[in-house]
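Given chain W, work out where chain F should sit, using these hints.
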Amino acid sequence: MWRPAKWWCVLANPGKALRGKVAIAGAADTAVGKLPGRTPMELCVEAALAAIDDAGLDRTDVDGLLTCNAMAQPLMYHAEAMAEYMQIFPRYCLSVGAGGGTTFSILHHAASAIVTGMADVIVVAMADSLRSGLTRDQAMQVQASTGHPQFEQPYGATVPAYYALIAQAHMAQYGTTEEHLAGIAVACRQHASLNPSAQMRDPITVDDVLSSRMIADPLHLLDCSLVSDGGSAIVLCSAERAADLAHDPVYIMGAGEGHSHEHISAARSLTTSAAKEAGQRAFDMAGLTPADMDFAQLYDCFTPTVLVELEDLGFCAKGEGGAFVDSGALLPGGELPLNTHGGLLSHCHPGNPGSMFALTESVWQLRHSAGARQVPNARHALVHAQGGIMSSHTALVLSREAG
Amino acid sequence: MSALQVERILPTDSEIARPYWEGCRLGELRLQYCASCDQYQFYPRILCSHCGASDLSWRAVSGQAAVSTFTVVRRSVSPAYAAPYVVALVTLDEGPCMMTNIAIDDPQKVSVGAAVKVAFEPWGADYVLPVFCLVD
Chain W
0 MWRPAKWWCV
10 LANPGKALRG
20 KVAIAGAADT
30 AVGKLPGRTP
40 MELCVEAALA
50 AIDDAGLDRT
60 DVDGLLTCNA
70 MAQPLMYHAE
80 AMAEYMQIFP
90 RYCLSVGAGG
100 GTTFSILHHA
110 ASAIVTGMAD
120 VIVVAMADSL
130 RSGLTRDQAM
140 QVQASTGHPQ
150 FEQPYGATVP
160 AYYALIAQAH
170 MAQYGTTEEH
180 LAGIAVACRQ
190 HASLNPSAQM
200 RDPITVDDVL
210 SSRMIADPLH
220 LLDCSLVSDG
230 GSAIVLCSAE
240 RAADLAHDPV
250 YIMGAGEGHS
260 HEHISAARSL
270 TTSAAKEAGQ
280 RAFDMAGLTP
290 ADMDFAQLYD
300 CFTPTVLVEL
310 EDLGFCAKGE
320 GGAFVDSGAL
330 LPGGELPLNT
340 HGGLLSHCHP
350 GNPGSMFALT
360 ESVWQLRHSA
370 GARQVPNARH
380 ALVHAQGGIM
390 SSHTALVLSR
400 EAG
Chain F
0 MSALQVERIL
10 PTDSEIARPY
20 WEGCRLGELR
30 LQYCASCDQY
40 QFYPRILCSH
50 CGASDLSWRA
60 VSGQAAVSTF
70 TVVRRSVSPA
80 YAAPYVVALV
90 TLDEGPCMMT
100 NIAIDDPQKV
110 SVGAAVKVAF
120 EPWGADYVLP
130 VFCLVD
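Just so you know, the protein sequences line up as chains W and F, in that order.
Everything in the first sequence is counted per numbering that gives the first Met the number 0, starting at 0 for the first residue and increasing by one.
Everything in the second sequence is counted per numbering that gives the first Met the number 0, starting at 0 for the first residue and increasing by one.
Quick caveat, the hints were computed from the structure, so don't treat them as lab data.
Here's a subset of chain F near chain W, in silico, CB distances under 8 Å, partners left out:
#1 Ser75
#2 Cys96
#3 Asn100
#4 Leu128
The C-beta atom is built at its ideal place from N, Cα and C for all residues, glycine as well.
Excised from the complex, chain W in its bound form (with noise of 0.2 Å):
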């Protein structure tokens, strides 16, 4: 029998059905930072609400509602839950579970679930209090049940630790530096200086970094992410549906995930990570490059994510990260203006919602409504996460014009 060359690669293309054709429609966050006295359900209600407001719907308008669980109120049927909370009764209702990486791995679904037929308005929402709700044991928890539970956890790493590994492998292979990891850090509260909802907002030196105290070598404090309150929201529907409702619709031109394994030890690379498949395949559907790209949102749980997606993603070469970062790309007014809100080392971090932070960010940037953080005539926007250490990636390139 015939095969043309390659067929596995043709049979693994996942085609450009959704190219374009899925447009963002509302977006909206809840306040952030500390919420003592609200439960996640209430800040997930509410940014699913302004979220249905500002795409100018109504409530009884959605039929696919997406969410994930949170860990201060975990819920056996979370997104069942919510729907009922709300008393809407969609016809599509999941609720998924891929750490950082939901947000976005939801996002892929949810526009492949309206090209389909399968909803028409789909609402994506999530929210958690790990900074108000959780128990101390609750939170202990979180921290050790990362890794393989018979041959990693009894090791006691810590969930920075799990990262530290990874950037002590950089560093060994590629010379990079504290001061390199650092420079995302400072970049990042950069933006979030300039934007009034951000958690934190007092400018970073590279020597704040340095010196604060050391969590996991080499990471220090100020390398690592919030821990925070709060809630995002958005609505996605058809490009032709956006195109009436109230705002400029922001188009899903590419999605791509890859996923190379769940435990660090079992990793195929401690400095290649499965982002670079990820990468490749929504540039590759959207038929645009990094260069392309006026500015990214990637997955900053820890400084070392960046440094590893900056160069899996394509932004510059491997094992260059580090003087990237130099270079002042990442800085507002820069070449690649990264984490244009704070990210979750500034703005915020609740948990597996935290990405939808930068997906909101997108919307307004590509709207060009994002005030004085504005990326002047920003058209087109890689947005990044991944779950558990580096194991699970999705990216989505998202544009102002769907052509």
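Just chain F now, kept in the frame of chain W:
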């Protein structure tokens, strides 16, 4: 205080890993070996992660390894772990990578690429875990 805070974390139990833990109790590091492709793997599985075969058996290995990466944990996961302590990924001479602790008084002496050798440390009442020490 909850049990979690006063005891070190114990490995979960599984039938397939019993030879590994029995080896540890005897002071022997054992890995699954695949006769089809002549390679070792870790952690234990029902298939060979290299070639997909199921022709696996347990073999004692040298316990020699090199540090692939490490970190010094300054803020411990629970009071049962006395910070600072070293968590590392080591690559065994036979190929597989595993997470471990480097047993050492001065964490500053650990470096990427350093040669290490297995040692065994009692872990709670029922387990013995492989840890690694720097080779002088």
